[in-house]
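Student: Sequence order for the protein chains is L and R. Mapping the first sequence onto the numbering used here, position 417 (from 1) lands on 417, and the numbers just tick up by one. With the second sequence counted from 1, adding 633 to any position gets you the numbering used here.
Treat the hints as calculated values from the structure; they're not laboratory data. Note that the structure is predicted; figures quoted are calculated from it, not measured. Take the hints with a grain of salt, since some may be wrong.
[As the list claims (entries may be wrong)] Dumping the calculated PhoX-like pairs for lysine-lysine here, alpha-carbon to alpha-carbon at most 20 Å:
1) K626/L x K750/R
2) K171/L x K46/L
3) K190/L x K171/L
4) K624/L x K741/R
5) K623/L x K746/R
6) K750/R x K625/L
7) K746/R x K624/L
8) K431/L x K322/L
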Amino acid sequence: MIPLRRNIVVIFAISFLISLILIIADRNILSSSKDTETCLSCHEDKDLTMEKNGKKISLFVSPEHYKSSVHAGAECVDCHLNYNPDEIPHSKKNELAGCNSCHDNLKGIEKSVHNKVNCYECHSKHDVKPVRLIRENQTQSCLNCHKNKNIRKFSTSIHAKKNVGCDDCHKGGHQTAKISKNEVNEVCGKCHNKNKMAFKNSIHHTVMQGGNKNAPVCTDCHGSHDILTSKVSIESEGCLNCHLNEKLFPGEEKGSAKFVAQYKTSIHGLLRKGDSEAAGCVDCHGDHMVQTPDNPASATAKARLLETCGKCHKETVEKFKKSKHGTEYLKNSDKAPSCVTCHGEHDIKSTLLSDEFSKVNIVEKCLKCHEDGKIPHKNYQGEEELISGYRNSVHYEALKKGNLDAPTCSECHGAHEMENADNPESKISKKNVAQTCGQSNCHQDQKRDYLESVHQKGISEDNKDAPTCNSCHGNHSIVTKKSDDKLAKSKNLIKLCSNCHSSVELVERNDLPTKVSETYNESFHGLATRGGYAEVANCESCHGNHSIKPSSDTSSTINKKNLPKTCGKCHEGAAEVLFTSKIHVSDTQKDSPWVFVVTRLYMILIFGIIGFMVLHNVLDWKKKKKIKKVNED
Amino acid sequence: MKTEDKYLRMSANERVQHFLLLSSFIVLVITGFALKFPESFWVKGIAAVIGQNTFEARGIVHRIASVVLVMVSLYHVYYLFFTVRGKQLFKDFLPNRQDVTDFMNSMKYLIGKSDTKPLFGRFSYIEKMEYWAVVWGTFIMGITGVILWFENFFLKYVTNTGMDISSAIHYYEAILASLAIVVWHFYFIFLNPDVYPMNKAWLKGYLTREQMEHEHPLELETSEKQNTDNIKENLSEKAKDETETKNIAVSETDPDINKQ
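Produce the entire structure from the sequences given, and follow the hints as far as they go.
Tutor: So this is what it looks like as structure tokens:
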């Protein structure tokens, strides 16, 4: 019995083994070769097509792709449900297997914008790729569907160039989502954190927080998919899109659309630098952290203007900083001007081409602050025309008559580099005045003469008493010789020279000739002038004007050698005269002993004779009175 | 007798000379000092009347007056040497020893050291001083004035020093002359108690007997010693003066003289 039992066991074992082999063979070889192979036997034909709704559809399935896809292990029927191979088409109802029957753990897909999109739109149909590969080509696969013009520009965007894909912003995968306005800042901020933080400090962010739906976020300025590098993409157009809209920014105040519109005609807006404006909105206002000027952090706040304008106008700002205006500005003085005080804000105009900076208009610009008394001035006493006197000057008169060579404020004071006269660097410091007045096209001849003069010698020796141009000609209310009243002119001139030359202190300090105006006034020349005669010599007639020199200088008009010529201008006979004594005889005894002797002699005669006469007559009168009285008695 | 009270002092010719002298002198003083003191009130007053050309007018008038003075002076020289009366005048004006004595005695009398008043002839030392002062002054002022006037011509001869000296002399001499006239001459003509308020001889030409007794007793004495024709002549001349003032030669041959 044992052998039988043993045989039975063996037989069972063999039959189990055989059936096991059969089962496996059936499953792996027999069935497979029967299903997928069967399908492919037809569908590997590239020309296999069918017509549906009048369209020809390819029914080709590449066996290689299928076999290399992640679904290589799945049968066609696993996905293509309810098909009957004997019918053509195989299924009346084109029904696919729900992918989620296998892939039932697709997190977040129900929230995604792609919830209703067929899986194969992304994953493709037969050559389903591993997720790793899909991720690599995510952007391309997105663009396969998203053919919107705007989105297609993505491929030329800076993001595309830098390998930033759709998924970097839109999450991608099954969570792909739209980005709401509120989220934009955060999404961009994932990479652009610094800018995100800056934006959060901007006025744009502030108004957005306040519920303003028009407030811009990143994409309003930079664009979304078609984003370029900031240098190219951020043109003022972006800002002006909103800021020129009068509905958004009504009125005419600062900040209004009208106010901003002035930019269009400004030199910043008109001049081009490459493709963009010479200076765009962001160049002054900053970019992400744009603020209103009343915010001290704003690039357009008064305190930061030099920094802002100096980004482009570096040299000018450096000059300005050293100027009186600049130093006051840096002290945060309320009265100190900044760039915009003179140049304006959005309406900034060319100083060379615009009427606003014409020479005549500059005067008004400066006087707006510098009208006498408005700003403390050391020389201003209260009544006289000190600075506004410019309006009475020959300079202004010439300007108004259309002489464009005539100087306005800036010609003498400089524009940005203007300084107090006290500052040796200043164009109007005593040492520099002659250079300033004698600058090219101006009073060059006078300057040349003056530079040879004894007055200039004093200036170059730092002598504070020495006069320069404005000491005689005045400052703002400068006048010329062209006055009609020759006598008044002469008298004024004498008074002018006497201001210094008869000041005892000044004459002593500088060892100048003494009593010059006194002796002049007593001379025939002086007497005639005092008496109202216009055709007589005054200081200038003999001494000259700009090139005034001491008599010791051989080129001086009053050098002994030149006196015959100088005096000969009026006195023909003087040409051959030997000048035997000084003209301004201040010390008669020393300078003109003969006159001294004559004078002394006459003093004796006058006092002696007249004294005697008085005495004689008094006695005579007394005597005669006495006799008369006696006789009458 | 009334007619006997009139003694000829200045002939019509002399009075005209005197008048031209005094008028040009006054004009010269005014226009001269107007140059030197242009800011004084009286110059300003004149300027206010004349206007802006005052200074030029002043110069022109000064020169005109100077010409008048010089012409009168030249005529006077002619008068002194070429007319009968002029020759006598010059003789009488010449200073002599007697004048020194008179002056000494006069001073003694004036200060009370002597009770006798010296007796004077036609011209006392006072008048001689006056006369020669005018001669001197005219001469000095004339020379320096011409130099200053024609400065272009004279500059090369006198140099600027010479101009300065001329100018100084002209100025101081002007002061001296003006003061002398005012103090000396005006006293004896106006303030002098004997003639106060004015000795009218420069207008009328004659002195009264009383004046003659006071001022020129010696002349009176001599003239009284002379024949009455002289007196008559004087009187007739006086009478002629009232009708015709210019021609002395005519009056000298006036037939009325013979009648009287």
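Student: Now look at each hint and say whether the structure bears it out.
Tutor: The hints, checked one at a time:
About 13 Å separates the Cα atoms of K626/L and K750/R, which keeps this hinted pair within 20 Å; it holds. Of the pairs offered as hints, the one joining K171/L and K46/L is violated, with about 37 Å between alpha carbons and a cut-off of 20 Å exceeded. A distance of roughly 12 Å separates the Cα atoms of K190/L and K171/L; the hinted pair therefore holds under the 20 Å criterion. For the suggested pair K624/L and K741/R, the alpha carbons sit about 14 Å apart, so the restraint of at most 20 Å is met.
The hinted pair formed by K623/L and K746/R meets the criterion: a straight-line CA distance of about 12 Å does not exceed 20 Å. For the suggested pair K750/R and K625/L, the alpha carbons sit about 14 Å apart, so the restraint of at most 20 Å is met. Only pairs whose Cα atoms come within 20 Å are accepted, and K746/R paired with K624/L is accepted, the gap being roughly 15 Å. With a CA separation close to 19 Å, the supplied pair K431/L and K322/L stays within the 20 Å bound.
Of the hints listed earlier, the one the structure fails to meet is number 2.
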